[in-house]
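*Asks:* Chain by chain, the residues:
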Amino acid sequence: EPEVTQTPSHQVTQMGQEVILRCVPISNHLYFYWYRQILGQKVEFLVSFYNNEISEKSEIFDDQFSVERPDGSNFTLKIRSTKLEDSAMYFCASGGQINEQFFGPGTRLTVL
Amino acid sequence: RKEVEQDPGPFNVPEGATVAFNCTYSNSASQSFFWYRQDCRKEPKLLMSVYSSGNEDGRFTAQLNRASQYISLLIRDSKLSDSATYLCVVNSRNTDKLIFGTGTRLQVFP
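One line per chain: the protein sequences are R and E, in this order.
When we follow my numbering, the leftmost residue of the first sequence carries the number 1, and every step to the right adds one.
When we follow my numbering, the leftmost residue of the second sequence carries the number 1001, and every step to the right adds one.
Honestly, the hints are just simulated from the structure, not real lab data.
Just to be clear, a hint being listed does not mean it is correct.
According to the in silico footprint, chain E covers these stretches of chain R (three or more CB under 8 Å from chain E) [unchecked claim]:
(1) 32-44
(2) 50-61
Sample of chain R residues with no beta-carbon within 12 Å of chain E, all distances over it, derived [what the hints assert, rightly or not]:
(3) V4
(4) Q6
(5) M15
(6) G16
(7) V47
(8) G72
(9) S73
(10) N74
(11) N99
(12) P105
Glycine included, C-beta positions come from ideal geometry on N, C-alpha and C.
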């Protein structure tokens, strides 16, 4: 069964550093998403991406965040200058149609 | 008012028990409804979509009441492997972002 994959599984970084989280969505999917979950809290939407552009973003997704689909397979989330409060689990999701979202295993980001 | 509200639990039930979870949502424009399951430190996994007429998948039954803005999940004959957090999820017309509840934790004991 096809799956969304994410790398790395755990990323530790110093405050102020840039990080790039990588995702490989399911191959024939067209809709891509990033969510995050701070430990002990609910899953929160960050951004959706379709047809090579952002279709929607949340208030969390400020100028420090960007997304890119640099080739036909990868979908990345970049945080330019990490803050302590960016520490969370980041989930990538993809869907073949709207309202169908399959989640990857997540990247745990720890900002020190 | 929270967009999606759930009782956090935990619900501790013996194997074989029937357990029900409820969820309310605040946005009457919500269009699609789901139950996801999340194991500790893992990703959310789609358990089932919820349709207006109600739907069943094996031991799991989901119901939607649009008038009351209420969704339920019933698990019959609980198994140890059902232990997880159950997430109520909605999304609205003209958007594909999913809005998650905080989840209800279920612990099934032998």
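*Asks:* Run the C-beta distances from R/V47 to all of chain E and say if the shortest one exceeds 12 Å.
*Replies:* violated, 9 Å
*Asks:* Okay, the region 32-44 of chain R and chain E, do three or more residues pass the C-beta test at under 8 Å?
*Replies:* Satisfied; 6 residues make the cut.
*Asks:* Please check whether the beta-carbon of R/N74 is more than 12 Å away from every beta-carbon in chain E.
*Replies:* Given a closest Cβ separation of 18 Å, the condition holds.
*Asks:* Taking the closest pair, is the beta carbon of R/G16 still more than 12 Å from chain E?
*Replies:* holds, 27 Å
*Asks:* Does the claim that R/Q6 lies off the interface hold, with its Cβ farther than 12 Å from every Cβ of chain E?
*Replies:* The claim is violated: R/Q6 sits with its nearest Cβ about 9 Å from chain E, within 12 Å.
*Asks:* Are all C-beta atoms of chain E more than 12 Å from that of R/S73?
*Replies:* holds, 19 Å
*Asks:* Should the label of R/V4 as a non-interface residue stand, given a Cβ cut-off of 12 Å to chain E?
*Replies:* violated, 8 Å
*Asks:* Beyond 12 Å from every Cβ of chain E: is that where the Cβ of R/N99 lies?
*Replies:* violated, 5 Å
*Asks:* Is the claim that R/G72 lies outside the interface with chain E correct, judged by CB distances over 12 Å?
*Replies:* For R/G72, whose nearest Cβ neighbour in chain E is about 21 Å away, the distance exceeds 12 Å, so it holds.
*Asks:* Beyond 12 Å on every Cβ pair: is that true for R/M15 relative to chain E?
*Replies:* At roughly 23 Å from the nearest Cβ of chain E, R/M15 sits farther out than 12 Å, so the non-interface label holds.
*Asks:* Has the region 50-61 of chain R got at least three residues whose CB is nearer than 8 Å to a CB belonging to chain E?
*Replies:* Coverage by chain E holds for the region 50-61 of chain R (3 residues, Cβ < 8 Å).
*Asks:* Against chain E, does R/P105 keep a CB gap of more than 12 Å to every residue?
*Replies:* With a cut-off of 12 Å, R/P105 comes too close to chain E, as the shortest Cβ separation is near 5 Å.
In this structure, the earlier hints numbered 3, 4, 7, 11, 12 are contradicted, and the remaining ones agree with it.
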